[in-house]
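Using the sequences provided together with the hints, build the complete structure.
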Amino acid sequence: GEDVEQSLFLSVREGDSSVINCTYTDSSSTYLYWYKQEPGAGLQLLTYIFSNMDMKQDQRLTVLLNKKDKHLSLRIADTQTGDSAIYFCAESFSGGYQKVTFGTGTKLQVIP
Amino acid sequence: NAGVTQTPKFQVLKTGQSMTLQCAQDMNHEYMSWYRQDPGMGLRLIHYSVGAGITDQGEVPNGYNVSRSTTEDFPLRLLSAAPSQTSVYFCASSPGRDRGVLNQPQHFGDGTRLSIL
Numbered sequence: 015g016e017d018v019e020q021s022l023f024l025s026v027r028e029g030d031s032s033v034i035n036c037t038y039t040d041s042s043s044t045y046l047y048w049y050k051q052e053p054g055a056g057l058q059l060l061t062y063i064f065s066n067m068d069m070k071q072d073q074r075l076t077v078l079l080n081k082k083d084k085h086l087s088l089r090i091a092d093t094q095t096g097d098s099a100i101y102f103c104a105e106s107f108s109g110g111y112q113k114v115t116f117g118t119g120t121k122l123q124v125i126p
Numbered sequence: 016n017a018g019v020t021q022t023p024k025f026q027v028l029k030t031g032q033s034m035t036l037q038c039a040q041d042m043n044h045e046y047m048s049w050y051r052q053d054p055g056m057g058l059r060l061i062h063y064s065v066g067a068g069i070t071d072q073g074e075v076p077n078g079y080n081v082s083r084s085t086t087e088d089f090p091l092r093l094l095s096a097a098p099s100q101t102s103v104y105f106c107a108s109s110p111g112r113d114r115g116v117l118n119q120p121q122h123f124g125d126g127t128r129l130s131i132l
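One line per chain: the protein sequences are Z and X, in this order. Numbering-wise, this note's numbering comes out as the position in the first sequence, counting from 1, plus 14. Numbering-wise, this note's numbering comes out as the position in the second sequence, counting from 1, plus 15.
Since the hints were made in silico from the structure, they are not lab data. Be a bit skeptical, because a hint or two may be false.
What the hints assert, rightly or not - Chain X side only, calculated, beta carbon under 7 Å to chain Z, not exhaustive:
no.	residue
1	G55
2	G57
3	P90
4	F105
5	Q121
6	F123
7	G124
8	D125
9	L132
Stated by the list, open to error - Anything over 10 Å on all C-beta distances counts as not near chain Z; from chain X, calculated:
no.	residue
10	S33
11	Q37
12	N77
13	G78
14	S82
15	D88
Said to hold, decoys possible - With a straight-line cut-off of 20 Å between C-alpha atoms, the simulated SDA-like cross-links for lysine to any residue are:
no.	chain 1	residue 1	chain 2	residue 2
16	Z	K121	Z	S42
17	Z	K50	X	K29
18	Z	K50	Z	V26
19	X	K24	Z	A55
20	Z	K50	X	Q100
21	X	K29	X	Q100
22	Z	K121	X	G18
For every residue, glycine included, the Cβ atom is placed at its ideal position computed from N, Cα and C.
Here you go:
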């Protein structure tokens, strides 16, 4: 079955890099996503990577995908207090809108 | 821009009551969906719609109904509220039209926090 796992909590100091990790079990996923949820708000799509890519960079965000190990990571460079939030990874499958599986979320705490 | 608007933001119900959670989007998106968020479980899909007049069940549809009479609106109905339905409910939309990544939820409302006593 489909399962997406994340660690629950990560604490970093302001200015350091944050690395949030995610493992998934279904190798047929087509897209992998990172969402950000700030307190009291809905999810915001941060970035995504197509499954035939190894890496994607978008300003301070770097997504790394290791298909062999089914491991996805999100690196945030120069982490700021405004990055404090819950980060969800998710996977989806070609043509299947309903087949989006979310991880349980990682709460990132940035210490000033 | 309003994006995805959910009402109400908070609601307390008694077991057995019914209610409708409202969701509206002003981006002319084809795809809309409802999720519930529970601690330690991520988001789970309740129902979704790929266009006006078309709805389908997600992962956890029992106890909920939806309809999509217009592109803009996608209300979620709780038929007879149960304590197990205490959760935070999110509505999401995306352009759809089978455009790869654009099929997937991109715009979320701020959620409705629902408590069933």
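To see whether the hints hold, each was checked on the structure:
Interface hint at G55 of chain X: satisfied, since its Cβ lies 6 Å from the closest Cβ of chain Z, which is below the 7 Å cut-off. Given the 7 Å rule on beta carbons, the hint for G57 of chain X holds: about 4 Å separates it from the nearest Cβ of chain Z. Evaluation of the P90 of chain X hint against chain Z yields a violated restraint, the C-beta minimum of about 17 Å exceeding 7 Å. For F105 of chain X, the suggested interface contact is upheld, since its CB lies about 5 Å from the closest CB of chain Z, less than 7 Å.
With its C-beta approaching chain Z no nearer than about 5 Å, Q121 of chain X sits inside the 7 Å limit, and its interface hint holds. With a least beta-carbon distance of about 3 Å to chain Z, the hint placing F123 of chain X at the interface is held under the 7 Å criterion. Because the beta carbon of G124 of chain X sits about 5 Å from the nearest beta carbon in chain Z, less than 7 Å, this interface hint is met. Annotation: D125 of chain X was flagged as interfacial toward chain Z, and the flag holds, the nearest CB pair being 5 Å apart, inside 7 Å.
The interface hint given for L132 of chain X is broken, as the beta carbon of that residue sits about 22 Å from the closest beta carbon of chain Z, more than 7 Å. Distance to chain Z confirms S33 of chain X as a non-interface residue, since its nearest Cβ pair spans about 24 Å, more than 10 Å. Residue placement check: Q37 of chain X keeps its beta carbon more than 10 Å from all beta carbons of chain Z (closest about 15 Å). No Cβ of chain Z approaches the Cβ of N77 of chain X within 10 Å, the least distance being about 16 Å, so the stated non-interface status holds.
Non-interface call for G78 of chain X relative to chain Z: holds, since the shortest CB-CB distance, roughly 18 Å, exceeds 10 Å. Non-interface status of S82 of chain X relative to chain Z is upheld: no Cβ of that chain comes within 10 Å, the nearest being about 17 Å off. Its beta-carbon lying about 17 Å from the closest one in chain Z, D88 of chain X satisfies the requirement of being farther than 10 Å from that chain. For the hint linking K121 of chain Z to S42 of chain Z, the alpha-carbon distance of about 27 Å lies beyond 20 Å, and the restraint is violated.
A hinted pair counts as satisfied when its Cα atoms are at most 20 Å apart, and K50 of chain Z with K29 of chain X does not qualify at roughly 32 Å. Using a Cα cut-off of 20 Å, the hinted pair K50 of chain Z and V26 of chain Z holds, with the two alpha carbons roughly 17 Å apart. The straight-line distance between the Cα atoms of K24 of chain X and A55 of chain Z is roughly 10 Å, inside the 20 Å bound, and the hint therefore holds. Taking the CA atoms of K50 of chain Z and Q100 of chain X, the gap is about 24 Å. The hint is violated against a cut of 20 Å.
Under the criterion of a C-alpha separation no larger than 20 Å, the hint pairing K29 of chain X with Q100 of chain X is consistent with the structure, at around 11 Å. Restraint check: the Cα-Cα separation between K121 of chain Z and G18 of chain X comes to about 25 Å, which exceeds 20 Å; the hinted pair is violated.
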